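S.K.: Single-letter residue listing:
2 protein chains.
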Amino acid sequence: MTNDDLTYPGGGVRLYVEAALSDGFTVVLNEDQSHYLAHVMRAKVGSRLAIFNGRDGEWDATVVVVAKRGVTLTVGRRIGAQTETPDIWLALAPIKKTPLDYVVQKAAELGVRRLQPVITRRTIVERVNVERMRSNAIEAAEQSGRRTVPDVEEPVALTRLLSNWDTTRLLLFCDEGGDAKPIAAIRAPKAAILTGPEGGFDPAEREMLRAQSFVIPVTLGPRILRADTAALAALAIWQSTCGDWT
Amino acid sequence: MTNDDLTYPGGGVRLYVEAALSDGFTVVLNEDQSHYLAHVMRAKVGSRLAIFNGRDGEWDATVVVVAKRGVTLTVGRRIGAQTETPDIWLALAPIKKTPLDYVVQKAAELGVRRLQPVITRRTIVERVNVERMRSNAIEAAEQSGRRTVPDVEEPVALTRLLSNWDTTRLLLFCDEGGDAKPIAAIRAPKAAILTGPEGGFDPAEREMLRAQSFVIPVTLGPRILRADTAALAALAIWQSTCGDWT
Numbered sequence: 000m001t002n003d004d005l006t007y008p009g010g011g012v013r014l015y016v017e018a019a020l021s022d023g024f025t026v027v028l029n030e031d032q033s034h035y036l037a038h039v040m041r042a043k044v045g046s047r048l049a050i051f052n053g054r055d056g057e058w059d060a061t062v063v064v065v066a067k068r069g070v071t072l073t074v075g076r077r078i079g080a081q082t083e084t085p086d087i088w089l090a091l092a093p094i095k096k097t098p099l100d101y102v103v104q105k106a107a108e109l110g111v112r113r114l115q116p117v118i119t120r121r122t123i124v125e126r127v128n129v130e131r132m133r134s135n136a137i138e139a140a141e142q143s144g145r146r147t148v149p150d151v152e153e154p155v156a157l158t159r160l161l162s163n164w165d166t167t168r169l170l171l172f173c174d175e176g177g178d179a180k181p182i183a184a185i186r187a188p189k190a191a192i193l194t195g196p197e198g199g200f201d202p203a204e205r206e207m208l209r210a211q212s213f214v215i216p217v218t219l220g221p222r223i224l225r226a227d228t229a230a231l232a233a234l235a236i237w238q239s240t241c242g243d244w245t
Numbered sequence: 000m001t002n003d004d005l006t007y008p009g010g011g012v013r014l015y016v017e018a019a020l021s022d023g024f025t026v027v028l029n030e031d032q033s034h035y036l037a038h039v040m041r042a043k044v045g046s047r048l049a050i051f052n053g054r055d056g057e058w059d060a061t062v063v064v065v066a067k068r069g070v071t072l073t074v075g076r077r078i079g080a081q082t083e084t085p086d087i088w089l090a091l092a093p094i095k096k097t098p099l100d101y102v103v104q105k106a107a108e109l110g111v112r113r114l115q116p117v118i119t120r121r122t123i124v125e126r127v128n129v130e131r132m133r134s135n136a137i138e139a140a141e142q143s144g145r146r147t148v149p150d151v152e153e154p155v156a157l158t159r160l161l162s163n164w165d166t167t168r169l170l171l172f173c174d175e176g177g178d179a180k181p182i183a184a185i186r187a188p189k190a191a192i193l194t195g196p197e198g199g200f201d202p203a204e205r206e207m208l209r210a211q212s213f214v215i216p217v218t219l220g221p222r223i224l225r226a227d228t229a230a231l232a233a234l235a236i237w238q239s240t241c242g243d244w245t
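Here the protein sequences line up with chains A and B, keeping their order. Per numbering that gives the first Met the number 0, the very first residue in the first sequence carries number 0; after that it's consecutive. Per numbering that gives the first Met the number 0, the very first residue in the second sequence carries number 0; after that it's consecutive.
Hints listed in this document are in silico derivations from the structure and should not be mistaken for laboratory results. Mixed in with the good hints, there may be bad ones.
All copies of an identical chain are treated as equivalent in the list; a pair is satisfied when it fits inside any one copy or across any two copies.
To be verified - Restricting the straight-line Cα-Cα distance to at most 20 Å, the calculated cross-link-like pairs of lysine to any residue (SDA-like) are:
#: 1; residue 1: K180; residue 2: M207
#: 2; residue 1: K43; residue 2: A80
#: 3; residue 1: K189; residue 2: T218
#: 4; residue 1: K43; residue 2: E130
#: 5; residue 1: K95; residue 2: A18
#: 6; residue 1: K189; residue 2: G11
#: 7; residue 1: K43; residue 2: R222
#: 8; residue 1: K43; residue 2: S162
#: 9; residue 1: K95; residue 2: Q142
#: 10; residue 1: K43; residue 2: D165
#: 11; residue 1: K67; residue 2: V44
#: 12; residue 1: K189; residue 2: Q142
#: 13; residue 1: K189; residue 2: D59
#: 14; residue 1: K95; residue 2: G11
Values in this document were obtained by computation on a predicted structure and should not be read as measured data.
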């Protein structure tokens, strides 16, 4: 089977590229994308798809070369203007590989703008694979229809994260503490959600977090949630109260 | 390493059992639980843990026999009264194995009361493994601290689900349609969330759903969510507006 029109959402192909995009520009896809397009989607010269780069909006593109060295596209007309997701970050202590893959994918779908790995006392540091996080975030962005990809930052220690924090951004700390507010009660249009590793934050970390003026401890109900569940629940509720789901 | 006190949350062991629970009763664990307790947690005679059955509250229990045929417990004092989760169901078209495992686990953590597999036109029926869903739901219930486990029903066709529906329960249909309301705007203390298979509902199904008096089409924002993401986001938002996260 070949497929002439891979335009999203009809044919479903939508790719993130780094190159500048404008009418008539040429884009050479990287190895993975070329393989995907040529061998998985069976694209051929003349096949069409959608591309975006997070800066110039979304564009129609046409395959002009399918070669061993890669697939080359010519940019056609602009399908849509550049848009931005709401101003929400997820600062997360890395967890096991599969739940981490999952939380990155879901956070990208839920419109997170930045993913910040945070090293805590109970974090198993070997788990942080930033390139893998980036690749998962890009794939989910492509499939979700968003015109940006989340930034995935290099890991930072919790103490350093707090000392360098822009205090105009509220940090919603998903805590088990009794006095924490329901997250739906918070109105914070510029915010970050913070979740811990499987073993949670240690008592000294909780105390340090609660001492910061920009930290708001928030609760996610009476049951014990895994770290990845907490991150996704918090993002969904934030989108529905402060983001673009209202 | 052995562990005398496996009481949750100290040692972390908390098991769901089917037997009736009262002071002095004897409980014989099934094969899987016996293996877990004896060989993974290294329980021995005298080890303590927490048990619940969804009816009689939560109880302290002590291992009295560790044998090849299984582990036997004696029920001690009641740790806490029986509690119920809010009245929310998830009706979901089965999806691929790994995302289905994941959504069952997360839905149980998020306090869902019933999981109802729904067969739609685009559902791949071979995917419905009710026993696996039950086992995942029980494990997540044990770890989340809830004192019930979600009911996992036998699969039912969408048409039949609708014709037998208790119309006092609102069915929140996660739809991509333009006129759907934000889910956070709905107040429905007795409700069910409905999500489709990877390929979505077909046009005739969407029309049929929208024709029902008890169906409310709801939206989850401007991005395209996978079926499992939609289910979890909808559950989290419902808990924060109508459930026990308020």
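S.K.: Hints first: check each against the structure and report whether it holds.
M.R.: We went through each hint and held it up to the structure:
1. When the C-alpha separation of K180 and M207 is checked against a cutoff of 20 Å, the pair qualifies only within one copy, where the shortest distance is 18 Å, while the shortest distance between copies is 40 Å.
2. In the homo-oligomer, the alpha carbons of K43 and A80 never lie at most 20 Å apart, since the shortest distance is 27 Å inside one protomer and 65 Å across protomers.
3. For the homomeric pair K189 and T218, the shortest alpha-carbon distance inside one copy (19 Å) is at most 20 Å, but the shortest distance between copies (23 Å) is not.
4. Neither within a single protomer nor between protomers do K43 and E130 lie at most 20 Å apart by alpha-carbon distance, with minima of 29 Å and 45 Å respectively.
5. Taking the shortest alpha-carbon separations for K95 and A18, neither the intra-copy value of 33 Å nor the inter-copy value of 34 Å comes in at or below 20 Å.
6. For a Cα distance limit of 20 Å, the shortest separation of K189 from G11 qualifies neither inside one copy, at 32 Å, nor across copies, at 37 Å.
7. Neither within a single protomer nor between protomers do K43 and R222 lie at most 20 Å apart by alpha-carbon distance, with minima of 52 Å and 29 Å respectively.
8. In the homo-oligomer, the alpha carbons of K43 and S162 never lie at most 20 Å apart, since the shortest distance is 52 Å inside one protomer and 47 Å across protomers.
9. Taking identical chains as interchangeable, the C-alpha atoms of K95 and Q142 lie at most 20 Å apart only when they sit on different chains, with a minimum of 17 Å there against 24 Å within one chain.
10. Taking CA atoms no more than 20 Å apart as the test, K43 paired with D165 passes in neither setting, with 48 Å inside one copy and 52 Å between copies.
11. In this assembly of identical chains, the alpha carbons of K67 and V44 lie at most 20 Å apart only when taken from the same copy (14 Å versus 66 Å across copies).
12. Taking CA atoms no more than 20 Å apart as the test, K189 paired with Q142 passes in neither setting, with 25 Å inside one copy and 33 Å between copies.
13. In this assembly of identical chains, the alpha carbons of K189 and D59 never lie at most 20 Å apart, being 33 Å within a copy and 45 Å across copies at closest.
14. Taking the shortest alpha-carbon separations for K95 and G11, only the inter-copy value of 19 Å comes in at or below 20 Å, while the best intra-copy value is 30 Å.
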